[in-house]
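Enquirer: Now for the letters of each chain:
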Amino acid sequence: MIVFFGRPDDRPLALAIEQAASQGVPYVVLDQTRLGHDELLLDVGPDRVDGRLHTCGTELELGAIAAVYARPLALSHTRDELERARSEQLNASFLEWLDDAGCLVVNRPRAMQSNVSKPYQLQLVAESGMTVPATLVTNRPEDVHDFRARHGRVIYKSISGIRSIVTELDERTIEHLERIRSLPTQFQAYVEGVDVRVHVVGDRVFATEIASSATDYRYAHRAGEPATLQPTELPSAVGRRCLALAQRLELPFCGIDLRRRPDGAHVCFEVNPMPAYSYFESETGQPIAQALVDLLTGAGANVGSWSRFATT
Amino acid sequence: MTAAVAQRSVVVLAHAHDRGAVAVSRAIADRHGDSAVHVVQASELGRAPRWSHAIDARGSVTGDVALQSGTVLAADGIGCVFNRLVGIVPPAFARAPARERDYAAAEMHALLVSWLAGLGRPVINPVAGLFGNPSRRQWLTRAVAAGIPVMRDVVATSARLVPSELSDHIAVRGPWPETKLVSRQPVEASPAPGRAIVAVLVAGHRAHGDVSRAIGHRCVDLARQTGRSLLQLDFAVGPRGVRLAHVDPMPPLVHEHAVAVVADLLEHSSVRPR
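Protein chains in written order, with my numbering: chain X, 1 to 312; chain H, 1 to 274.
Bound conformation, chain H alone (with noise of 0.2 Å):
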C-alpha cells in the first residue's frame, strides 16, 4: 500500500502482541508478496490524521483512513480484513481521566464498527463480533442447541442450588471466597476440563481437527449460526466421548497448520478487482 492501495489486500487489524495475526501476515505475504496484506495496528488508527467515513441519504458510505505513515485505507483497495482488534483507545486520551478515556474508546469503537461495516468487503470475523464476545456459558448454551454434547457449566445464586453430582467442583464467586460460608454465597460449578483436549477450528465451511465428521459438521453449523467464519473449539476427550470445553472466536493460532488455513480463509474470501 501506498499513499493510496493499489491493488486489493487483506487488510490485518491488529494489536502489537497479536503473534497469530503476524504469523497470518506472513504466510499470505509469502504466498503473494508484501503488497497483498497490510497490518494496521491499534494505535495507529487511534492516531490517524484523517477519519472519514459518510453516510448518504440512502446509506451508501465512502470516505477513507489515511495513516500516519501516508497509508490510505479505502475499501477500493481492500480484499477482506481480519480483525482482531476490540476496541482502540485514541492515544491523546491514553492519560486522560478515566471517564474522558472511556468516552473517546467508546466513540472510537463505534467509528471502528460503521466502517468496518461500510467496507462492503468481508470481514472476520463479523462485525457483530465487536459487540461483545459471548461468554462460554452462551456458546455452551448454543452449542447444545447445535447438537454438540458439552461440560456441564452450572452458575447459581447460592451453593444448596448446585445439583449434588456437582458438589466438588462449586467455586465461590463472591465475596470471602476463602471462607465456607458458601450456602447464600453466588457459585460456578464447572467440571475442569482436563489434559486430554482436542482443538477444532472451523474455517468457512470446513471444520478441522480430530472428531468425527457429524461433530464437524455441528461445529461448522454452529459457526454459521452464529454469524462467524473463524471459530475454535475445544473438546474434552473422556470416557464418554468428546465434549464441547471452550470456543474461542478470536483463537491465538500457534501452529502452523492453523496459519495456514486461516490465510486460506482470507484469500478465499477477498473481493477481487473486477
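The shape of chain X in the complex, shown without the other chains (with noise of 0.2 Å):
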C-alpha cells in the first residue's frame, strides 16, 4: 500500500494521487486538510516499533506500509480545538515515523534539511562533482565591492531556506549595502546562461530547459517576462552527476537547479527536496508523475538503493 501525505489541493501531490488511481495502484491518502478526522497510534518500545492508521476508511498497519509520497504543508486553521490539537499531533507523529520508517520514503524530513542552509547544499553539491557559482557570504560592504569587481555581475538571496526572489545587484540596490552589516548576506556571482531543471525520480532523470530573460525565472511572470520550457537532454556525465547528488542528498526525488553556460558547461545552484515537479510536467509531458508513482510501487529500476535509506 502506498500512502500520499499532504494537501490534496496541492497539484503536485494531486498530479501523482491521480497516476496512481489511472495505473490501478492500491493507495490512501492521508489528507492534511482533514487529519483531525483521521487516526494515528505510534507504539515505540521496549524492542519494536509499530502503530496504526486509520484514514479514508481504511485501517493499517504501519508496517504493511510500502511507500510513501510525503509532500507535508502548512496545516490549515481550524477554529475547533479539538480538531487542530488531534490535526496538530497526527501531523507531528507522522512526520515523526516517517524520518524512521523501513519502507521507502520519497522524502524523508530529515533528508530534506540540507537546503535549510544555501551555502551548507551547495559544499555538499560541489562534492558531488558539481559546479557551483562562487558565493560569498559577509556583512561587509567593501567586501562585497571586491567580490563584485572580481566577477562582475553579482546577485544575492537569502543563506536561509526561507524563499528569496533572486535579485541582482545593481547600481539601485547597491545604495543599500550598508544594511548588511547587521546581518550576513549571500552574494553569488551571476552565471551566464540557460536554466535547467533536472527532476531526479530514483534512476531516472528529466531536464526541462527553461527560456526566460528574468533573473529569477520563478517570478518571471511578475516582470511580464514569459518562460518557456522544453525537453532537453543533459550530457551524461551531467545526468550522473545530478544522480551521485540525489544519492548523497538521500534524496529519491529531487529538483535541480543547473544553469548551461555558453561554454557548455552546467553550474548547480540548489537542489529542491520538495519539487514542484507539476508546472514542468504541464509545459512540458514529461512523464514524472509516473516515474514517481513507478519509483513508489517498485517499478522503479533502482528502488532497492534507495530503500537502503530506510535503515541508515
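Just so you know, not all the hints are guaranteed correct.
[Unchecked claim] For the chain H half of the interface with chain X, some residues (derived, Cβ under 7 Å), not all of them:
#1 P90
#2 A110
#3 S158
It is worth saying that the hints were derived from the structure and are not from the lab.
Values in this document were obtained by computation on a predicted structure and should not be read as measured data.
Glycine included, C-beta positions come from ideal geometry on N, C-alpha and C.
Build the complex: two chains, separate frames, hints provided.
Expert: If you want it as C-alpha cells, here you go:
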C-alpha cells in the first residue's frame, strides 16, 4: 500500500494521486486538511516499533505501508480546538515516524533539511562533482565591492531555506549595501546561460530547459516576461552527477537547478527536496508523475538502492 | 588567540549560561594552557564585525570571523569545535518585530551551519545536529533499531487506541487536559522512569557508565549510526533490567568525570598542525 501525505489541493500531490489511480495502484491519501478525522497510534518499545493508521475508512498497520510520498505543507487553521489538536499531533507523529520508517519514503523529513542552509547545501553539491557559483556570505560592504569587482555581475538571495527572489546587485540596490552590517547576506557571481531544471526520480532523470530573460525564472511572470519550457538532454556526465547528488542528499526525488553556460558547462545552484514538478510536467509532457509512482510501487529500476536509506 | 590564531585550539561555541561548556573549557585550559581553548558566545558571533564565508566554484571554502574582541576565527587556527549552540539571534534584531527577528535568526543559523561545515575540522556534535534534535520518541526508535531495550512510549490521536496496560500512564495532549473528555483527545502514554537511573556517556568509540558491555557497545553503535560522537543515554533500572528512558546529544556535563571524558574527546579529535 502506498500512502500519499499532504494536501490534495497541492497540484504535485494531486498529480501523483491521479497517476496512481490511473495505474490501478492501491493507495490511501492522508489528507492534511482533515487529519482531525483520522487516527494514528505509534507504539515504541521495549524492543519493537509499530502502530496503526486509520484514514479514508482504511486501517493500516504501519508495517504494511510499502512507500510514502510526502509533501507536508502547513496545516489549515480550524476554530475547533479538539480537531486542531488532533491534526497537529497526527501530523507531528507521522512526520516523526517517516524519518525512521522501514519503507521507502519520498522524501524523509530529515533528508529535506540540507536546504535549510543554501551555502551548506552548495558544499554538498560540489562534493558530488558539480560546479557551483562562486559565493560570498558577508556583512562587510567592502568585501562585496571586491567580490563584484572580481565577478562582474552579482546576485543576492537568502542564506536560509526561506524563499527569496534572486535579485541582481545593481547600481540601485548597491546604495543599500550598508544594511548588511547588521545581518550577513549571501552574494553569488551571476552565471550567464540557460536555466535547466532536472528532476531526479529514483534512477531516472528528466531535464527541462527554461527560456526566460528574468534573473529568477520562477518569478518571470511578475515582470511580464514569459518563461518557455521544453525537454532537453543532459550530457551523460552531468546526468550521472545529478544522480550522485540525489543519492548524496538521500533524496529519491528532487529538483536540481542548473544553468548551462555558453561554454556548455553546467553550474548547479541548489537542490529542491520537495519539487513542484507538476508545472514542468504540464508544460513539457515529461512523465514525471508516472516515474514517481513507478518508484513508489517498486517498478522503478533502482528502488532497492533507495530503500537502503530506510535503515540508515 | 590574538588578532590571528597562533596555534590550533579547541573552539567552544556556547551560550553564556552553559556551565558544562565552561567546565570543559577549564579542563582543557588546565591541561594545556589558556591558548588551547577559546570560548565564543552566541552573542559574540551575532555581533561579529566581520563574517567572511566564501565558496569557490569547486566548493572550496575560505574566510574567517572577526570578533569584536579582535579575535579571528579561521580554519587554520582551529583544531576542532565543540558546538553547544542551537541558534543565534543577531543582537541588532533582538527588538525587531517577530517576523524580522525570525528571519534574521534563520539566516544566522544557516550561516553557522555552513561555516562549521566549511571549516574542515571535527565538529562535536556534528553540523547535522543543527538541523533539529530528534524527539525522544525518535531517539527511542533508533535505539530499538540498535538493539537497545527502551521504555515504552506511545502516542495516539485517541485515548481508546492506547494499549490497556498503559492506561494508567495516559496524559492528555489536547485542549482541556483537566477534563475527563479523553475519548477523542490526543494523548501520550509513557511510564515514568522512576528514581533509579544509570547514565551512559558515549564519547567517541567508548561508552562510560555502569551498564553491561553489550549495552555499552550498542550505545556506541547508536551514536555512530546517528552521526554523533557525544551522546548521553539515561537508563531506567527496573526488575526487567535497564531500559533506555532518555537521550541527550547535548548533555549538561555536571560531573567531573563527564567533563574530563569530553575534554579527552576534544583533544583526541583536534586536528594538529602539520
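Enquirer: Taking the numbered hints from earlier one at a time, note which ones the structure violates and give those numbers from smallest to largest.
Expert: none
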